[in-house]
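Kindly generate the complete structure, drawing on both the sequences and the hints.
Heads up: the sequence shown at position 45 corresponds to 45 in my numbering, and the numbers run straight through without jumps.
Among the hints, erroneous ones may be present.
As the list claims (entries may be wrong) - Derived PhoX-like pairs: lysine-lysine, alpha-carbon spacing no greater than 25 Å straight-line:
#1 Lys14 / Lys44
#2 Lys139 / Lys48
#3 Lys14 / Lys86
#4 Lys102 / Lys12
#5 Lys121 / Lys78
#6 Lys48 / Lys78
#7 Lys12 / Lys139
#8 Lys48 / Lys105
#9 Lys102 / Lys59
#10 Lys8 / Lys139
What the hints assert, rightly or not - Here are the simulated distance ranges between beta carbons:
#11 Lys8 / Ile107: 27 to 35 Å
#12 Lys105 / Thr136: 38 to 46 Å
#13 Lys118 / Gly94: 17 to 25 Å
#14 Lys48 / Asn70: 22 to 30 Å
By construction, these hints were calculated from the structure, which means they are not laboratory data. Using N, Cα and C, we set each Cβ at its ideal position, and we do this for glycine too.
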Amino acid sequence: MSKITLYKASTKGKLKLPIVENGISAGFPSPAEDFLDSVIDLNKELIKNPDATFFGRVKGYSMKNAGLNNGDLLIIDKSLEPTNGKIAVCFIDGEFTVKRIKIEKNICWLIPENDDYKPIKVTPDNDFLIWGIVTTVIKIL
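Next comes the structure, spelled out in structure tokens:
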């Protein structure tokens, strides 16, 4: 099971950094106009609901095919509605895990995105809570 370490989001200060607002070409290079058009506040951009937002670091490989790799930093919003197909941080039987939610005939499944791991069927016997929805993945390349 991919485990996760959680951290509370702090938005006390602003984190303003330069941004190339016109976009960065992923095809043929385009002539540079003004490199730094404006600034972006990453707290405002990435954290929509500060009181309900947490960070978590992925531990494990069960979600690698969804682009969530060991060591990636997740932004998790507890205020969002958990719906079918969303990637969520869940608390099950004493552990946090990150999986895709699948709801089928009133049964909740936690689906890994790696064939080396099996889906988890949530039953009434499980101590279970969908803790929050993953909104952003931050990667170190």
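Can you name, in rising order, the numbers of the hints this structure does not satisfy? Of the numbered hints, 3, 4, 8, 12 do not hold.
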